[in-house]
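Chemist: Using the sequences plus the hints, can you model the full thing?
Those protein sequence lines, which keep their order, are chains A and B. By the numbering used here, the letter at position 10 of the first sequence is numbered -10, and the numbering carries on one by one without gaps. By the numbering used here, the letter at position 98 of the second sequence is numbered 78, and the numbering carries on one by one without gaps.
Wrong hints could be hidden among the right ones.
You can't tell identical chains apart in this list, so a pair holds if it fits in one copy or across any two.
Said to hold, decoys possible - Here are the simulated SDA-like pairs of lysine to any residue, each with C-alpha atoms no more than 25 Å apart in a straight line:
id: 1; residue 1: Lys49; residue 2: Asp34
id: 2; residue 1: Lys78; residue 2: Met(-19)
id: 3; residue 1: Lys49; residue 2: Thr(-13)
id: 4; residue 1: Lys66; residue 2: Ala(-15)
id: 5; residue 1: Lys66; residue 2: Arg81
id: 6; residue 1: Lys73; residue 2: Met(-19)
In short, the hints are calculated from the structure, not lab data.
What follows is each chain in one-letter form.
2 protein chains.
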Amino acid sequence: MPCLAHTPKPPYYAVIFTSIRTDGDNGYGKTGDRMVELAEQQNGFLGLESAREDIGITVSYWSDLDAIKNWKANVEHIDAQKNGHKLWYKSFKIRISKVEREYGI
Amino acid sequence: MPCLAHTPKPPYYAVIFTSIRTDGDNGYGKTGDRMVELAEQQNGFLGLESAREDIGITVSYWSDLDAIKNWKANVEHIDAQKNGHKLWYKSFKIRISKVEREYGI
Chain A
-19 MPCLAHTPKP PYYAVIFTSI RTDGDNGYGK TGDRMVELAE QQNGFLGLES AREDIGITVS
41 YWSDLDAIKN WKANVEHIDA QKNGHKLWYK SFKIRISKVE REYGI
Chain B
-19 MPCLAHTPKP PYYAVIFTSI RTDGDNGYGK TGDRMVELAE QQNGFLGLES AREDIGITVS
41 YWSDLDAIKN WKANVEHIDA QKNGHKLWYK SFKIRISKVE REYGI
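Modeler: What follows is the structure, given as structure tokens:
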């Protein structure tokens, strides 16, 4: 049963990661699953939402900028980032944003 | 050829719209296409990225909060929002965030 991230009352941070994949898996699927598992263990992690069609969008939510910095510096994550550059993505963008307001049903 | 949004140097705003659909189309596809076309015509619109699997994620980028407010108040968009509540979404979240930093390849 799919569900949306249950984030706290703003302010908090969103890392908007959008990408276009290269052809072939090249270990992408397995590493992607591991990165989600690992992100969930980080201090300050608040949730994650992900979908891919022509482009992929993963939005991860964090309590503050330090939590994002620590996640970026995680040793296993650094390895994955290197493969992202080398193997998996034709292009990607990472946007770090501060969520000011949230509503929905 | 898919491509990512070409946004300017931050700061600017991102509206992160995540959703879970109800079953059936009920006019969703046609209205979705029209909303993209209409958003692109708004002052302050900077770009849009969208993907759907189990959940849908659409991130639209805007120059400032007034541009987002005007888009929310657009008459055709208000009609679509009503159908979103009534027909198309089991749940959705809208997060308004200020992009502070952007990088990528």
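Chemist: A separate judgement is required for each hint: does it hold in the structure or not?
Modeler: Structure-based check of all given hints:
1. Neither within a single protomer nor between protomers do Lys49 and Asp34 lie at most 25 Å apart by alpha-carbon distance, with minima of 29 Å and 29 Å respectively.
2. When the C-alpha separation of Lys78 and Met(-19) is checked against a cutoff of 25 Å, the pair qualifies neither within a copy, at 28 Å, nor between copies, at 30 Å.
3. In this homomeric assembly, Lys49 and Thr(-13) come within 25 Å of each other (Cα to Cα) both inside a single copy, at 19 Å, and across copies, at 23 Å.
4. Taking the closest pair of Cα atoms, Lys66 and Ala(-15) come within 25 Å of each other only across two copies (22 Å); inside a single copy the shortest separation is 30 Å, beyond that limit.
5. In this homomeric assembly, Lys66 and Arg81 come within 25 Å of each other (Cα to Cα) only across copies, at 23 Å, whereas the closest approach inside a single copy is 36 Å.
6. For the identical chains of this complex, Lys73 and Met(-19) are inter-copy neighbours only, at 17 Å across copies versus 29 Å inside a copy, given an alpha-carbon limit of 25 Å.
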